[in-house]
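J.: The whole structure should be built from the sequences, with the hints applied where relevant.
Taken in sequence, the protein lines are chains X and Y. By this note's numbering, the letter at position 22 of the first sequence is numbered 22, and the numbering carries on one by one without gaps. To convert, take the position in the second sequence, counting from 1, and add 324; that gives this note's numbering.
No lab work stands behind these hints, which were simulated from the structure alone. A hint or two may mislead.
[Unchecked claim] For lysine to aspartate or glutamate, the following EDC-like pairs were computed, each having C-alpha atoms within a straight-line distance of at most 20 Å:
1. Y:431 <-> X:84
2. Y:643 <-> X:53
3. X:101 <-> Y:650
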Amino acid sequence: MSGITIGIPQSLLYYEYFPLWRKFFEELGVKVIESGSTTKKILDLGEKAAISEVCLPVKVFYGHVLSLKDKVDYLFIPCMVYVEKTAYFCPKFLGLPDMIKCSLDSLPPIIEPTIDIRKIKTNFKNSFFKVGKMLTNDSQKIYRAFSKAQKKYQSYLNSNVLDKKILSNSGMPAGNKSEKTMNIALLGHSYLVHDPFINLNLISKLKKAKINVLTAEMVSKKEIKHQLKKLYKPIFWALSRKTLGAALYFFEKKIDGIIHLTTFECGEDSLVGEIMHQESKRNPSVAYTEFVFDEHTGEAGIDTRTEAFLDMITRRKRHENNVT
Amino acid sequence: MKITLPNFGNMTTIGGKALLFNLGHEVILPPPNTKKTLDLGVRYSPEYCCLPLKILLGNFIEALEKGAEAIAMVGGWGPCRFGYYAEMHRRILIDLGYEFKMISLEKPRGNLMQVLNNVRMLKNKRSLFSVAKAVKIAFAKIEAVEELEKAALKTRPRENKKGDTTKILKKGLLLIDENNSIEEIKKITQKILGEYEKIIAGNENKEVIKIILVGEFYVALEPFVNYHIEEKLGYLGVEVERGISAIPWISSFLKFFQQHQIHDAVEDAAKDYLSRSVGGEGQNTIGHIVLASKKGIDGAIQVIPFTCMPEIVAETISKKVCEDLDFPVLTQIYDEQTGEEGLITRLEAFVDLLKAKKQERRKEYVTISGS
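T.: What follows is the structure, encoded as structure tokens:
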């Protein structure tokens, strides 16, 4: 048992589910090896292996798989299909294990549980049980590992959620506009917002500029669900629901600005971005911009645009203060 | 109610028009797709959206300008973007200041009242019996159109005078569009099929290159968007087989006519490479390619709109299928920038390659059997 190593590519849904995955395998006594943060080398590997039409995050995923494949006994690439009511993942996630198998050679065996909660056989618990069965025969141990992993995941989710008190103290709602710190929300798929290589260190740059950075993880699930009721037709992608729900929440709270991060060719964002753009027109007090990333995005360009965006907000605030 | 439909291939346009007409609506079709339609759509759509959304938006703008008061669309629940089109169009058109009703037919998911309301609007106070009749006529028309179009694909590479097939097909489509009884439609179909036979007299058994056309539904079926790819291939002497059909799609939607056997065989064929459905036509594309390679078809052309999510998965996997089965696949991506000349060059080169390959195989066969 102790000799087995499982590789988890640190990309795509890793940023949503890593506490769950990592804890589950650790509880089973398996050594988990992650591919680490994205580097130029990883991107280059991925770019060569994938066809040119796929989006940047999937290319990065290819690179992570390639950098891991010779170091581990198994690769863990779950196929997430359907995780809540009317919430699919992007088709590229649905076909991810098959795409990897078809385009890369000499891979270690892939553990690819399907998670589709519409069928009991493939809900979270049973899928993970099946994965556990591949590694150990002790059913009790698997269940224990899963429930521990789930608890860890829940507490991870809860730890991110902004406390209501902090929200009002940090000047989010009106009344504290003169305060110097700006509240800017970075919204987008978690594999963009939390991968500093893809978004060119945007979070740390904003933090250095003394900006209070908000992300979609800070909005509670309940709040997101509530906000999404504003839509005439519910949106049916799990990740976009989170982004859009958070955006609607931040629009309602009238924070200073929202930056929507997206990648070139992202199918979900082409629609969600448009909805956010339309909503921003209805909420003119919240500054809104969209940054599109691809493998050629230059750091200087993003820096300039960030600076311009921040300057605009500062000037607007000053102007408002002068008027009042 | 003055109601409009998108231009969605001949099948759905003729069928949909018949359905709405027989329900007592005044149907205002958008003008045929032109450069203007595309320009209008591109101007007001989100930049990275797939091509069908843009052209449909152009259709709706043109139809609303012509006086339509409602738009009939279908919707879905993912994972393909198409499911959200109707809502996206509604939002964009309202922003542009149009006043209309978007009647989107979809399975209800937490919006039962909306959907029932839409159905009631379409039903137009007709009895269930007359609704069933309207649906039957529409379905008969769709089947007839598909039969004629498929037969035309077989006829075109064998016709004696270039352009005859297209002329006859156009006549047939017009007749089907004008007639409103199932018997008449059947008669017309038989008559047109007879005419096809006349124009290929003497050429019936001519051996031609066979290509299967797979890919995204809208791009494959709408000739304006794919630059008449079926016709172009026909004139290059290629018999095209269609891997896309509106019928299983519509029947699964209506749940009246269960014709799932063929569909399942296609999915099963794809299982070795793509084990799950990825939405849209993704899995079918792979399945058709696998089946075609065993059926003696020479190659496949996959047509997809730029950024199409399911078809990008299929494209990745088709590379492997192509290698494993030694079966040529050409992927042609369409967007608003696609040029016709580039497409022609690519098609010609592909057909030349297929011809060379076929000849080589025949030579091998002769040498093996001769020695």
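J.: Determine for every hint whether it applies to the structure shown.
T.: Hint by hint, here is what the structure shows:
Annotation: proposed proximity of residue 431 (chain Y) to residue 84 (chain X) holds, straight-line Cα distance about 17 Å (limit 20 Å). For the given pair, residue 643 (chain Y) sits about 13 Å from residue 53 (chain X) by alpha-carbon distance, which is consistent with the 20 Å threshold. Proximity of residue 101 (chain X) to residue 650 (chain Y) is assessed by CA-CA distance (about 18 Å); at most 20 Å being required, the pair is judged to hold.
Checked against the numbered hints listed earlier, the structure breaks none of them; every hint is satisfied.
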